[in-house]
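Undergrad: Based on the sequences and whatever the hints tell you, model everything.
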Amino acid sequence: MLRKLLIAVAMVAGAAQPLFAADAASDPKGEFKAFRDYFTNRFPKVALDDFVNGPYSMDEGLRKQWKAIDEFPPYDFAIDKGKEMFATPFKNGKSYGDCFPNKGIGVRQDYPQFDAKSGQVITLDMALNNCREANGEKPFDYTKDDMAALTAYMAFTSRGKPMNIKIPDDPRALAAYTNGKRYFYTRRGQLNFSCASCHVQNPGNHIRTEVLAPALGIMNAMPIYRSAWGGMGTTSRRLRTCNSQVRGVPLPGESEEYRDVEYYLSYMANGLPISGPGTRP
Amino acid sequence: MASTIRVRAIASGDATQVQALISHPMDSGFVKDSKGQLIPAHHIDVVEFEHNGKVVFTCLWGPAVSKDPYVKFSFKGAKKGDDLKVSWVDNKGQSDSSVAKIG
Amino acid sequence: MRTRTLIGLAVAASVAGFASAAFAATADDYKAAEAKADAAIKQAHALKNEWTTTADAMKQAKAAASAGKFDEAVKHAQEAETLANASIAQSREQEKLWPDAVVR
Amino acid sequence: MNDFSGAPRQTRRTILKGAVGIAVLGLGGVSLMTDAHAAADAKAWPDKAFSAKGEADALKALYGKTGEPSDKVNLDAPEIAENGAVVPIAVASTLPNVTGIAILVLENPNTLAAAYKIPEGTEASVASRLKMAKTSKVMAVVESGGKLFTATKEVKVTVGGCGG
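Chains as they are written, first to last, in the numbering used here: chain A, 1 to 281; chain B, 1 to 103; chain C, 1 to 104; chain D, 1 to 164.
To be clear, the hints were calculated from the coordinates, so they are not data collected in a lab.
Be aware that a few hints might be false.
Stated by the list, open to error - Listed below are several chain D residues computed to face chain B (Cβ distance under 7 Å; list not exhaustive):
| id | residue |
| --- | --- |
| 1 | A40 |
| 2 | A42 |
| 3 | W45 |
| 4 | L112 |
| 5 | A114 |
| 6 | A115 |
| 7 | Y116 |
| 8 | V126 |
| 9 | K131 |
Said to hold, decoys possible - Going by beta-carbon spacing under 7 Å, a handful of chain A positions derived as facing chain C:
| id | residue |
| --- | --- |
| 10 | E31 |
| 11 | A34 |
| 12 | F35 |
| 13 | Y38 |
| 14 | R182 |
| 15 | Y185 |
| 16 | T186 |
| 17 | R187 |
| 18 | R188 |
| 19 | Q190 |
| 20 | A196 |
| 21 | R247 |
| 22 | V249 |
Unchecked claim - Derived Cβ-Cβ restraints for the label pairs, each shown as a range:
| id | chain 1 | residue 1 | chain 2 | residue 2 | range |
| --- | --- | --- | --- | --- | --- |
| 23 | B | I10 | A | D145 | 27 to 33 Å |
| 24 | A | K161 | C | A89 | 41 to 47 Å |
| 25 | B | D83 | D | K147 | 33 to 39 Å |
| 26 | D | P69 | B | K92 | 35 to 41 Å |
| 27 | C | A63 | A | P171 | 44 to 50 Å |
| 28 | B | Q37 | D | E154 | 32 to 38 Å |
| 29 | A | A87 | D | G121 | 36 to 42 Å |
| 30 | A | A87 | B | N52 | 33 to 39 Å |
| 31 | B | Q17 | A | A87 | 27 to 33 Å |
| 32 | B | I10 | D | P119 | 15 to 21 Å |
Quantities reported herein were computed from a predicted structural model and do not represent experimental measurements.
Glycine included, C-beta positions come from ideal geometry on N, C-alpha and C.
TA: So, in structure tokens, the structure goes:
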């Protein structure tokens, strides 16, 4: 019975979509323009650069509370911790800065990157753990604490810089982009939601109790201090929470799907300013 | 260990605006951990702000103050370069203090 | 709003009663039900689309089984199998449907 | 005079600290603030007021009196809290001789959330962030010239600040 019901739900959902020539082939440039047009047409009053502020760009009452909290935001402790970690050498004398261009300062907007050598998408979080392992240190947990502090500091030094994601002329890069896009639009979990169900079709609307953030620029605010967590979380933590919220079992932090969806969404946000670290309800 | 206290104190004319953020769990005593055990109340009781030997502001906080608590107030009589001392003590007897320069 | 309806339907589905075993189940009955559920869960896992409710039902099944309540254990294992199969069906549908949703 | 002395806790401390505790108790709340080694002192914490249920009991325990509404008390709180765990709430007043500000969340398990002592020279204005268990009236209380004045506003909470 359940099965029939769900299939029925899925069919209805499918039929309700506009029937474009449905194929999985990717045209990043065309999709970039369509994605941007969709959000700017739907929210003509929201300034383009304001989309990176997520639900606060959609709701006046929330925005006021955000401004009050942002006067002295709770992620300040994470920025300071990350800065200290950045300044502290590994046992071999090297440090995080040695793994990045410009010593890691003001480079957040260039991630994720497609890495031709490994043939996969490397996010900032993954680059940090790769850096640790290359220097004989153990990798950090991908969801919070140390990793969130490091990425908070790196985002802070990159604030205002426009997102700058490249899809090199390499079929594997395009495949990663397409995989991210697939993950973003695929319904999952018992509630039968895709990322897009919330963040494309319903930004600004309430779901249960939250005001949904627009997908445009959603990665620019990472990592975030989320009141519901009572602490900092990385992109992986946020994606894991999204999965659980639709009653799906989350994937491990920085899974290929998570990295690819970050690649897709960050490319869609090209040109929009880095606003992380952010606060969210 | 890094200080638990962040202070921004800015003198403008006669008044000095003070904002402080303190790293503290502020456990209410009503929340259960992942094993279903109640996390005992652990919160800051008192925060004191002192300028030139005079207490200029006192916070008395209960468990309903948010995690990593924040407070903003203004007082008169200080000038740029003065010290502002901030100290807190919690219900477990832990404490910290810090001296900030008024900017 | 469509999403509301969807939540409604999915929630309704999750609380709709599962056919409960109308017999006194044995440990062997449970083992058979568990094996079937595990196979479906394994497949859902390979598709990276397990549902949290599937995992919950399986946990309840195991707990009931270790308490010797096999009727209940079989019921929960069947529930888990049904949910796992529904998630597999969802994945299969979505393999075809997702491109329709892309903003282009 | 403000009754910030918090009798029960003081009594316990008195037992612990003997004569010193008694001496401090005798001096009362105001003298505590000019203590030579001036640092936050848990003895100043009014535990009776913080464990009180209901506005009347909380105010009685904290100030020894009840208040009356006043349009000179300005309570700035959101209509809908983005999350009950972090609700920005600010209180300000144009009343003269303000000596204290308190914030009460009437539906919280314990009504009193925070109290502030305002010595002379400090403005009658404070902003802080509070937890709210559920939708509730929030009451700002200002002590001015020995009397209490209040302002109340309902804040809707959809995600409570007490849960996990």
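Undergrad: Cβ-Cβ distance between B/Q17 and A/A87: within 27 to 33 Å?
TA: holds (30 Å)
Undergrad: Kindly confirm whether 33 to 39 Å is satisfied by the beta carbon distance between B/D83 and D/K147.
TA: With Cβ atoms ~35 Å apart, the hint holds.
Undergrad: Range first: 33 to 39 Å. Now tell me if the beta carbons of A/A87 and B/N52 are that far apart.
TA: holds (35 Å)
Undergrad: Verify the CB-CB distance for B/I10 and A/D145 against the hinted window 27 to 33 Å.
TA: Cβ of B/I10 to Cβ of A/D145: about 32 Å, so the range 27 to 33 Å holds.
Undergrad: Hint says 44 to 50 Å; check whether the CB-CB distance for C/A63 and A/P171 agrees.
TA: For C/A63 and A/P171 the Cβ distance comes to about 49 Å; the hint holds.
Undergrad: Is the shortest C-beta separation between D/Y116 and chain B less than 7 Å?
TA: OK, holds: D/Y116 within 7 Å of chain B, min 6 Å.
Undergrad: For the hint on A/R187, just tell me whether its beta-carbon gets within less than 7 Å of chain C.
TA: holds (5 Å)
Undergrad: Are A/A34 and chain C close enough, Cβ to Cβ, to be under 7 Å, as the hint says?
TA: holds (5 Å)
Undergrad: Next item in the hint list is D/K131. Is there a CB on chain B closer than 7 Å to its CB?
TA: holds (5 Å)
Undergrad: Against chain C, with CB atoms and a cut of 7 Å, does the hint on A/R188 hold up?
TA: holds (5 Å)
Undergrad: Report holds or violated for the interface hint on D/L112, using the least CB-CB distance to chain B and a cut-off of 7 Å.
TA: With Cβ-Cβ at 6 Å, under 7 Å, it holds.
Undergrad: Just to be careful: measuring from the Cβ of D/A114 to every Cβ in chain B, is the smallest value less than 7 Å?
TA: Status holds, d = 5 Å.
Hint compliance for this structure: no hint is broken.
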